[in-house]
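Student: In case you want the letters, here they are:
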Amino acid sequence: MSNAHPVPFRAILRHVLLITGAALMLAPFIWMISTASKPQTEIFSSELHLIPHRFALMENLREAFAKANLLRFLLNGVIVTVSIFVLQVMVALPAAYALAKLRFLGRETLFALVLFGILIPPQATAIPVFLLLHKIGLLDSYAALVLPFTISVFGIFLMRQFFKTVPDDLVDAARMDGISEFGIVWRVMLPAAIPAVTAFGIFSVVAHWNDYFWPLIVLNSEHLRTPPLAVAHFRNNEAGTSYGPLMAAAMVIIAPLVIAFLFAQRRFIEGITLTGIK
Amino acid sequence: MSDGSMTIGAAVAPAGTTRRTLPAHGSRRTQAAYALVTPAAALMLVMLLGPLAGVIALSFTDYQLGAPHISWIGLANYQDLFADKVFWTALRNTLTYVVIVVPGAVIAGLAIALLIQSGTSLRSLYRTIYFLPVMATLIAMAVVWEFMLHPQFGLVNGLLRGAGLPAFAWLQDRNTALYALCAIGIWQAVGFNMVLFLAGLVSIPKQLYEAAEIDGASSGWARFRLVTWPMLGPVTTFVVVISGIRSFQVFDTVHVLTKGGPSKSTEVLIHTMYTEGFEFFRSGYAAAITVVFLVFVLALTLIKSRLADRGVHYT
Numbered sequence: 001m002s003n004a005h006p007v008p009f010r011a012i013l014r015h016v017l018l019i020t021g022a023a024l025m026l027a028p029f030i031w032m033i034s035t036a037s038k039p040q041t042e043i044f045s046s047e048l049h050l051i052p053h054r055f056a057l058m059e060n061l062r063e064a065f066a067k068a069n070l071l072r073f074l075l076n077g078v079i080v081t082v083s084i085f086v087l088q089v090m091v092a093l094p095a096a097y098a099l100a101k102l103r104f105l106g107r108e109t110l111f112a113l114v115l116f117g118i119l120i121p122p123q124a125t126a127i128p129v130f131l132l133l134h135k136i137g138l139l140d141s142y143a144a145l146v147l148p149f150t151i152s153v154f155g156i157f158l159m160r161q162f163f164k165t166v167p168d169d170l171v172d173a174a175r176m177d178g179i180s181e182f183g184i185v186w187r188v189m190l191p192a193a194i195p196a197v198t199a200f201g202i203f204s205v206v207a208h209w210n211d212y213f214w215p216l217i218v219l220n221s222e223h224l225r226t227p228p229l230a231v232a233h234f235r236n237n238e239a240g241t242s243y244g245p246l247m248a249a250a251m252v253i254i255a256p257l258v259i260a261f262l263f264a265q266r267r268f269i270e271g272i273t274l275t276g277i278k
Numbered sequence: 001m002s003d004g005s006m007t008i009g010a011a012v013a014p015a016g017t018t019r020r021t022l023p024a025h026g027s028r029r030t031q032a033a034y035a036l037v038t039p040a041a042a043l044m045l046v047m048l049l050g051p052l053a054g055v056i057a058l059s060f061t062d063y064q065l066g067a068p069h070i071s072w073i074g075l076a077n078y079q080d081l082f083a084d085k086v087f088w089t090a091l092r093n094t095l096t097y098v099v100i101v102v103p104g105a106v107i108a109g110l111a112i113a114l115l116i117q118s119g120t121s122l123r124s125l126y127r128t129i130y131f132l133p134v135m136a137t138l139i140a141m142a143v144v145w146e147f148m149l150h151p152q153f154g155l156v157n158g159l160l161r162g163a164g165l166p167a168f169a170w171l172q173d174r175n176t177a178l179y180a181l182c183a184i185g186i187w188q189a190v191g192f193n194m195v196l197f198l199a200g201l202v203s204i205p206k207q208l209y210e211a212a213e214i215d216g217a218s219s220g221w222a223r224f225r226l227v228t229w230p231m232l233g234p235v236t237t238f239v240v241v242i243s244g245i246r247s248f249q250v251f252d253t254v255h256v257l258t259k260g261g262p263s264k265s266t267e268v269l270i271h272t273m274y275t276e277g278f279e280f281f282r283s284g285y286a287a288a289i290t291v292v293f294l295v296f297v298l299a300l301t302l303i304k305s306r307l308a309d310r311g312v313h314y315t
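Same order as they appear, the protein sequences are chains U and D.
The first sequence lines up with residues 1 to 278 when you count with full-length UniProt numbering.
The second sequence lines up with residues 1 to 315 when you count with full-length UniProt numbering.
Keep in mind that the hints were calculated from the coordinates and are not lab data.
Heads up, some of the hints might be wrong.
[As the list claims (entries may be wrong)] DSSO-like cross-link-like pairs, simulated, lysine-lysine; straight-line CA separation at most 30 Å:
# : chain 1 : residue 1 : chain 2 : residue 2
1 : U       : Lys67     : D       : Lys304
2 : D       : Lys259    : U       : Lys135
3 : U       : Lys164    : D       : Lys304
4 : D       : Lys259    : D       : Lys85
Using the sequences and the hints, build the whole thing.
Tutor: Following this line, the structure appears as structure tokens:
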């Protein structure tokens, strides 16, 4: 039969393999939702079952929110990621425009430094940046979470590549209308670059929402915790005793990005694989 | 890097503007250019290039956070480091992690991309599912994995027991902990690699497959060997290197799940650096570890640009 109908057979095999793989990929998510929906007694039973006998999602969520100030931590995540992105754009866009469209002494050197900067992994600069923030007394603050990331060499590179494709005529027309170079960046280039800025925004927000290393280093105070730190602390305080609320907390922390991703998956994939063009 | 903006600028300049007036425009524009790049250049210096030079310089000192003085001790940190068993354990574990996660995540990513691309139905659904782990906060998912790997109540051991196989205390056993972390690493990285391979596959011209077919490459394997694989060369190199760099940076799962244990079996470079630098505040010593880490990461980057130079360029 498979010889008589090679195409359907191959199509079925494709789906069987992909569905098996998909089950492996989704297993942690399904297990998380399942555990978050179970009462304590069902979680601590050796008998495996996916669907809870008694549905306890609301109890677990309520307990998670009672034990940790999850709303505050989510708000911190929003404050930090949005501040980082806005500042990154404010710093990177003018520089990218100058690198793409203006001539000045040192342009090639600056661009070479930008390319070099892309190669530096974030962990490499952690100790000196930490010492610097310690010196100026900014540790354990929103500033400590945001400042080091206001410069995105990758963002400069990306926007410069994009601006290169914007016709010079557009820039010259703006100049003839009397718009200053600074005005051109925000009134001509930014509107033309919205798709690139959006992709970069997704890249930046996802990276910093999920970042654990840097907040772990610079934060002490509970009220400043970002979502990943919050989960880690929740786990350290509760592990081994209340898995239901812990899984519920994990669900809450990953929910914003996952929901946004499901609504705009093409844009998200584009944005996150931006590193693919480095 | 030659740039035609000046000549074009001159061509469309309003009538009556002679070449002699251009420098005035030019210099005003040049001033604007400096004003526009100054914030970025300054921040780059303070947050990136300065700290990079700083970490190298620190690695030759005995600096400890809060210590009243700092002195140049030459290579002493490196001598201590290379004499320290923990460092070699961390390096060996990091390399083991890289050597397992890179091939795992690259081959799986390629296989999934090929499977998705080999048909037309449900493409975007599959892509979404496989990409989901890339999106989800790794720390939250690490905590979920920890419970999945729970010796008594976890899903993995439950399934193993159901199949009559022996169960393990995955993260608490020094013989399995690193491999469990590798599995999480692969699970998280596969979707990212898949998307890069998908982009590579889409960009292969259809005519090449038609030409191969005319030349007698009728089986799927022959088409893969003669067209797909060589055409994916540059993408594959890139995916391998980026996976390598990311695996070298492994930290999150280690810190939240094992803290390098049991008995240092999951100690990795960045975790050692974190412990020395931010728990014991031995900044100089931690800087030396950072430099070793940097050497490896930059070597990978160098390999990539080497390969890219002599690599296949069809597009």
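Student: Look at each hint and say if it fits the structure.
Tutor: Outcome of the hint check:
For the proposed pair U/Lys67 and D/Lys304, the alpha carbon gap of about 48 Å is over 30 Å, so the pair is violated. Our distance criterion of 30 Å between C-alpha atoms is met by D/Lys259 and U/Lys135, whose separation comes to about 28 Å. About 25 Å separates the Cα atoms of U/Lys164 and D/Lys304, which keeps this hinted pair within 30 Å; it holds. A C-alpha spacing of about 17 Å is found between D/Lys259 and D/Lys85, which places the hinted pair at or below 30 Å, so the restraint holds.
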